[in-house]
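Q: Each chain is listed here by its residues.
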Amino acid sequence: MTDVATELLTVDLTVNGERVERAVQPRISLADFLRDELQLTGTKLGCEHGVCGACTVIVDGAAVRSCLMLAVQAGGCDVRTVESLASGPQLSPLQEAFHRHHALQCGFCTGGVLMTATALLHHNPSAGKDEIREALSANLCRCTGYQTIIDAIAEVADGGLRAMAAGLAEVPRPGARP
Amino acid sequence: MQDVLPVLNPQLVGARVPRVEDPRLLTGRGRYIADISLPGMLHAAFVRSTFAHGKIRSVDTAEAKALPGVHAVWTGADVTPLTAGIPGGLQIEEMKATVQPAVASDYVRYIGEAVAVVVADSRHVAEDAAALIAVDVEPLPPVLDAEAAAAGGDVANEDIPDNLVLARDFAQGDADAAFASAAVTVSGRFRTGRTAAIPMETRGVIAQYEWTTQQLTVWSSTQIPHFFRSMIAAFIGMPEHAVEMIAPDVGGGFGQKCHLFPEELVIPLLARELGRPVKWIEDRVENLATGTHAKQQLNEMEIAFDDGGKIVGLRQHVVGDGGAYNCFPWTALVEPMAAAGTVTSVYHIENVKTRFAAVLTNKVPIGACRGIGWQAPQIARENLLDQGARKLGLSPFELRKRNVVKPEQFPYTAATGLRFAEGSYLESIEALEQAIDYEEFRARQKRERDQGRYLGLGISVFNEITGLGTIAAYATGFPVTSHDSSTVRMEPSGKVTVFTSLTSQGQGHQTTLAQIAADALGVALEDVVVRSGDSRQAYGLGTWGSRAAVIGSGSILRAAEPIRRKLLQTAGHLLEASEDDLVLANGRIEVQGSPDKGMAVGDVAGVIYFAAHVRPPGMDPTLESTAAYDPSEEVWANGAHAAIVEVDTETGLVSIERFVAVEDCGTMINPTIVEGQLRGGITQAIGAAFLEEMTYDEHGQLLTSTFMDYLIPTASEAPEVEIIHIETPAKTTAGGVKGMGESAMIAAPAALVNAVNDALEPFGAFLTDVPLTPDRVLSAIPPRSA
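Here the protein sequences line up with chains A and B, keeping their order.
Each residue of the first sequence is one higher than the last, beginning at 7 in my numbering.
Each residue of the second sequence is one higher than the last, beginning at 46 in my numbering.
Looking at chain B on its own, in the form it has when it is part of the complex:
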C-alpha cells in the first residue's frame, strides 16, 4: 500500500490559500467540547489527591451524597469493578508496564490523581459536593528526583519496585577509544525542566449512553478519536461497534490530547450507569496538575573532536522523569528513548554510546508534547557544539558545516540505524549564515560588549522525523503500527467530501487537505469539504508526530486515484476518446488539444450515479473510495534556527533581537500554514527556554498550579520571526510532502539557550539548567564590584 503518488496537477498545492475554517472560528461559532449541551445532561467534578504519595485509608462520601442535586458519587471502590484502568506499556523486552487506575482505590501517586467523582445537576453543585468529600490518606515518602530514584530507594509506584520502566544501553563504533584520542572534548550536564503543552482549551469529555441500543457516544477534546474508541471499548468492556468517539473543534493539543486519560473511561461509565449524558470540563488548575507534563530530562553529554573540528565521538546518558504511570499509549519512554535514538541528528558521527533510563516518580505522568524527547538532547548537543567551536577557534556555522551529513552521503544510515533519504543540511546552514552575516555580528557583539551590553548568537541545526508511519515508529524504538486512512467521495454533482482520521487542533487541515483533494480530482477548493474527528468514518491513529500533512496527503491521493480513474474511463467512453488523451483539471475533463471536446466533472459524476444506459458497461455506480497510507521510509524534514539575544546583566532578563528560521519541509501544501506552525512553535520554544517550568516542592506539592505561577509567552515576548524556505521534495512520500509541526519545538530552544551562553561567554558562564529564568542567568554573572 506504499505507492508513491504525485500530485498530478498542482493548482492549489503550494498556494497561500486562506483557511476555510476561519469564518466559523472568528465569529464565535466554533463548537468545542464545552459548547456542547445535550438534553438531560448532568455535570461531573473530580476530587483529586492532595498528597503526592500515600495509601488511601477511607473516602467519606456521605455528606456529598446527601446534597440535593447530586446523582452519583463514585470512589475507586465503585469504579475498579467496572474497569481495571489504563495499562501503559509497549512490546519491548524488559520494559515494565504500569496500570493507571481510572479512580485511585488503594494508593495515590501524584497530586491531582482522581480519588472520587461527583455527578450533579450542575457543575456548581458537583463542585459543592466534591468539597464535602473527606479523603483520609496515610502519607508515604514521595519520590521526586528521577536521577536518585533510578538507583532505587523509596518506591514511587508499588508495582515497579526499582522505579525503572526501562534502562537501555546502545553503542555503535568505539566511542571510548574516540574520546581517548580526541584533540578536544566538551561535556555538560543539561537539565531541561518539566513543562506542559498548555492548549488554551483544557480537556473535556461528554458521554451519552442509549440503553435501548446499548450505544455509547463519547465526545472528547482529543487528537485520537478512532484508536481511543477502540481502547475505551476494550478497557470498559463494551463491544467496539457499540462505542463511537467524536472530537469536536479542539482548541489546541500540542500532544497533550494524544493520550487516553482516566476521565475518558470514568465519564462513559457514569453515563451508562445513570442513563443520562454526563459532561466533564477540566478546569485550568486541573489541567496544570493532571493533563500530562512534558520534557523533563537529564542529558549528560560529551562530544569529542579531532583537531580539524570533526566530531569523532558522542556519549550520552539520559534520565527521563516519567511521573507515576506510563502515559497511554506512548509510555515514559516518550522522552528518554526518543532522546537517545535521535541524538546524532544531522551530523555524521560514527562512534556513539548512549544510555537511557525511564524512571517513575510521584508526579503527573510525562506525556507527548510537541518536539517530545528530541528537544532536550538538541539543547545539549547544540550547546556543546558551540562550546567545541569556541575551543577549536571555529565559527559555529563552520563547525557544523564540517560535520553535517553531506549531499553526496545520501541516502545515509546513521550510527543509530536511522535512515535519511535526503536533507538540505549544508544548504540550510549556508542560508542561515547568509541571513545572519556572522562576521558583522561578531564585530557588533564586540563593540556592544565594550559598552557593557551583552549580545549573543545561538544557532541550532536540526532534523525532524515526520509523517510518522510504522517504519519510522519502529526505527525510533516504538513498536507501533502507524497509519491513517481517508475516504474520498465524489457526490453526483461532482462535489467532493473527504472523511479523514487525521483530526485538527488548529493546524488547518480542512484547508490543506482540501487543497490536496481538489488537485487530485481537478476541482476547485470550494468543491471540497473535509470532515474529520469522528470514529464513524475512516479509521486511523490521529494527529501527532507531524503526521497529518504526509499521511493525510498520502491517504487522500490514494483514495482519490480510483475515483479519478473512473471519471476518466467514463469520460473517455462518452467522448469516444482514449483515457490517455484526457486531461482532468479546473472542474472539466477535456481531450488534450481539443478543449471544445470535454465535459464538466459534475456531469461525468452524474452519469456514473444516474445514467445506467450511457455509463461504461459493468461499471459499479459509486464514486467512493477509502485508502490508508503508511510511508515506506522515514520522512525527515530539516532546517536551522538562529537567535540573537541581549542579556540584561542587571535583571537576568533576555530579550530577543532577531530570530531566523530556515525550514525545509519538502513540498509545501500551503506556505502560510507552514509559517504559522513555525511562529507558534518558536513562541512556545521561548516559553521552554526562558519561562516555563512545573515546580514541585519537597512534599511533591505542585507549586505552579495557575497561570499566575506557570508563565507562558505573551505578545510581549514573541519576536518577529524571519522565515527562509527551502523545498527539497521527499523522494518517498505522496506529493513530496514532509511534516513540520514540531520542528520549532525541537530546534528553537537550543538556539535560544545557545545565544544566552554566547552572550555570557565573557563571564565564563555556561548555563545548562533550562529554562533560563532570570535567577539562573544572574547566578552565572559575577556580582559587580562596587
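Same shape as in the complex, but just chain A:
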C-alpha cells in the first residue's frame, strides 16, 4: 500500500435519493463504501471479481457491479441499492412477484438480481422471457435454478406491457434514469 492508496479523498454522490458526502480511501470499492460507510448491507459481495452479480446496484440508470467500481468513481452519480425498492413496509411489484413465485431461497443473490431486473424493466418494461434470461445471466444464483426468477420478472413485464397498451405507462427512452 502506498500513500496514494490510503490518503483520503472526498466523494459526493446521491444514494437512494439522499445526498451523501464522505472522505474515503481511493481504493475503497463502491460496494465496501455502501456496506461499511453507509451500512447499506443489502448489497452483497459474492466474488469481488465482477462475475456473480450479487453486488449489482444501479448507477445513473445502469446496472453496475459495485465491487468493480471505486467509491470515488461514483462522485456525482445517482446510486440506487436494493434498500430503495420497497416503500416503507410496502414491497415493490417486483419484490411482490418474487415472493409469489418463490424466486429466492437463501436470499444472498437476491438484492443483486432485483437491481438487474429493475434496470432491465426500466429500459424495457415489456421484456420477454428471452430478454429477461439474457439480462439475468449476469447474476449467479445457486439455489433457485432461475426459472422462478424469470417467471417473476416476466409477470411484472407483462404488467408493464399491458399498462403501456392501455396508455397508463410511458414508453421508455433508452438511457433514461429509473
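FYI, nobody ran anything at the bench for these hints, they're computed from the structure.
None of these values were measured; they are calculated from a predicted model.
Do not take every clue at face value.
To be verified - Derived DEER-like restraints, expressed as beta-carbon distance ranges:
{"#": "1", "chain 1": "B", "residue 1": "E743", "chain 2": "A", "residue 2": "T16", "range": "49 to 55 angstroms"}
{"#": "2", "chain 1": "A", "residue 1": "T16", "chain 2": "B", "residue 2": "L83", "range": "25 to 31 angstroms"}
{"#": "3", "chain 1": "B", "residue 1": "H744", "chain 2": "A", "residue 2": "E27", "range": "25 to 31 angstroms"}
{"#": "4", "chain 1": "A", "residue 1": "A68", "chain 2": "B", "residue 2": "H770", "range": "51 to 57 angstroms"}
As the list claims (entries may be wrong) - Far from chain B, some chain A residues (derived; all Cβ distances over 10 angstroms):
{"#": "5", "residue": "E13"}
{"#": "6", "residue": "L14"}
{"#": "7", "residue": "T16"}
{"#": "8", "residue": "G23"}
{"#": "9", "residue": "R41"}
{"#": "10", "residue": "E54"}
{"#": "11", "residue": "D66"}
{"#": "12", "residue": "E89"}
{"#": "13", "residue": "Q101"}
Said to hold, decoys possible - Derived coverage of chain A by chain B (criterion: at least 3 residues anywhere in the stretch with Cβ under 8 angstroms from a Cβ of chain B; other residues may be distant):
{"#": "14", "stretch": "124–134"}
{"#": "15", "stretch": "151–164"}
Note that CB positions come from ideal geometry on N, CA and C, so glycine has one too.
Here the structure of chain A is known, so what remains is to put chain B in place on it, guided by the hints.
A: Frame of chain A, contents of chain B only:
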C-alpha cells in the same frame, strides 16, 4: 423416543404457503455473517500455501508485524500450543484418522492451507500485512492422482504413509458366478470430476470473548452451530458452557458448511487472545481453494444381465480422492463409502461385489456436498443400464421396470443390507415414460438424425436416503448418532415460538416448520415463529442429509404433543367436557358438535399461565416442551428424471430441450418449496454434468481459482423443469414426511450424461469422464470427412 406422530389436523401441511422469510431477504434486510459488525471489531486475513506439498522452513512475519494498524500475526508456531487442530476420523475398524492443523506449522499439504494469519484494524490493512509475510517452503512431490496413490508411492500426508484412509471389500451372493453365466455384460470406467458446492455466500467467522465471564461467542456461516460449538470447546480447550455458536442468515450451504473448518478454531483463539472481536470473511478465491471440494471419484462398474434383461450381478470398484485430510466430521469416506453402500439403489440385485478406497492427495479435503457419494455411482450405473438396454434391444424404461424393487417386495432388504419400507419405483418410471412418450421420441430422434441433428434421451431412476437419523447413518456405514431437537413454547397469549437446531441456508424452514407447528397446535401460521441457528437453544446435529423436513417435523410434533394435551386438559376442565370430545383447530378448542361451547387457544394458555384458581389442580403452569427425533427406520424418497438434449456436433455444446422430474418425497409440507429444491438441484446438476470441474496442474496448483475459470450454471443454461409429484407417505416418520433436498443432485447428472450418450450413439461413443465439457464431447465425435 421413536413415536410416530401423525399431523392430526392438516390445514397448512400440504399448502403452497408463501415464505415468511421473504420480505426480510427481498428488502436487503437479511443479516448474514459479513453484515455483522461489533464494537471494537478487528479483521483477519490468512496467508495461504502456494505449494501443494512441502516442508515449511520459515515464516518471516517481521515486516507484517511492523505495519501500523496490525494487532497480531500468528504462524503455526503460535497456534499449535493452543490447539492440536481438527482430528478427522470415524470409529471404523482399520480406518486411519488425520489431524488437520488449524494453521500449518511443519508441512503444507494443499494449495490454500493456512500458514499464517494477520489481525488488523481493517480488512485492507490485514491483507496489506499478509502480503508482507514471506513463507519459505521446501517443495515435496505433490500426490495428485488418487488412483495411483492408492497403490503407494509418494506420500500425500506424512501421517498416512500408504495414502489410504480405508479400503474395504463387500460381497453378497456370488457376483463372479453371475458374470460367468450372464447373457449380456456391460462395463465402464467412470471418472466424475472434482466440483464444489459454491454457496453464493462464502464462509465467515466472527468471535467475541468476554474476559470478565470467560464467555466466547462464535458467529459462523455454518449449517451445524450446536454440535460444532461442542467441538470448538473441545478443540481449543474451553468448557462447553462457556462457548456459544450462532449461525445468522446463511447464504446457501449445500453441504460445504456442514464441516468444522480451521478458521473456526483460529478466529476464536485470536479473539480470546486480543480481547476484541475478530472477523474473518472468506473471499471467493479462498472459497474455491479451501472451502472443501466434492464428488471426485473413479467408479469402475460392471453389470451382468440374463437374456430377459434381469440384472444378475453388479461389480464396482470405487476410488475416492479425499484430499490432504479427513474433513470433519464426515471424513474422506463421504464419497467412496457412500458410493459403495448404496450402489444397488432402486434395483433388486442379489449378487453384488464392491470395493472402495478412500485415498489422500495433496488437494483441499473433499467434503460433503448435496448428493454426496451417491451422484457418481448413479451416473455409472444408470449409463450402464442404458448400455445394457441397447444391447438387449429393450427400452430404457422397460429394462428398469423389469429390475426395480416391486410394490409386493416391500418391506425390502437390499443385498447391501439397506432396508426400504416403501417406494413408488415402478409408478415413478411409468409416470416418466408417459410424460416423455418414448415411442414418439425415438421416431423424432430418427427423423432429426437423418437431418444431422443429434437428440438424446437419458433417464435416471433413484432413491435417496433422507431424514438421516442414527439408524440410517449406521446403515450407510457412518457410525454417527444423529438426531435433532426442537423446543415448542406457547406464550400466554396463545402465540407459539419454536426453537430448533435445524438451521436454514435458504430451504425455508421458518415457513415449513411453522406449518407443522401451527397444525400441531391448531393455530394460524402467523401465530408461529420459528427460530434456529443458536446453540443456546435446542441441541442437535443441524441441517444436512435431507434431514430438516423429517427430523424438524418429528421433533416439533413430539414437543408440541404435551402442550396440546395440556391445552385440552385445561379446556376440558373449564368447559366441563371430556377431553376426548374436544377439537383443537383454527385457534379454538371446541366441544365436538357444540361450536358455541368453546374457547380461544390463547384464553386457555392465559389460564394456564395466569389463573391459578381455575386451572386444573396440580398443573405445572408452563407450556414449553423440548423433544428430539431420531427416525426409527431408514427413510427413502425416490423418483425418476428424464432429460432430452441436443448435442451440437460442431461445438460440442449440449442444450437441454426438456427436463422432467418425478419426485416422491412422501407427504409434502409445502409443494412450492419441494419444487424450488428440485429446480435448484437440477440446475446445480447441469453444472456437475457439463461445466464444473476443479482442475489442478501437475504441480498441484489450482487452475480454477475464480468464477472466470470455474463455471456454474447461469440463467442461460437452466431449463424449464417439468415436475410430477407422487405422494407415498412414509410409514415410519412423523406426518409421513420424507426429505428430498439432495434428490436432484443424485439423479439429474446421470440423466443428463445418459442423454448425451444416447445422442452420440450413432458415433459409437460412450462418454464416461464427467463433466461432459465441449472438448470431451467433441473427442467422441469422429472428424467430418471433407
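Q: Check each numbered hint against the structure and report the violated ones by number, ascending.
A: Hints 3, 4, 9, 10, 12, 13 and 14 not satisfied by this model.
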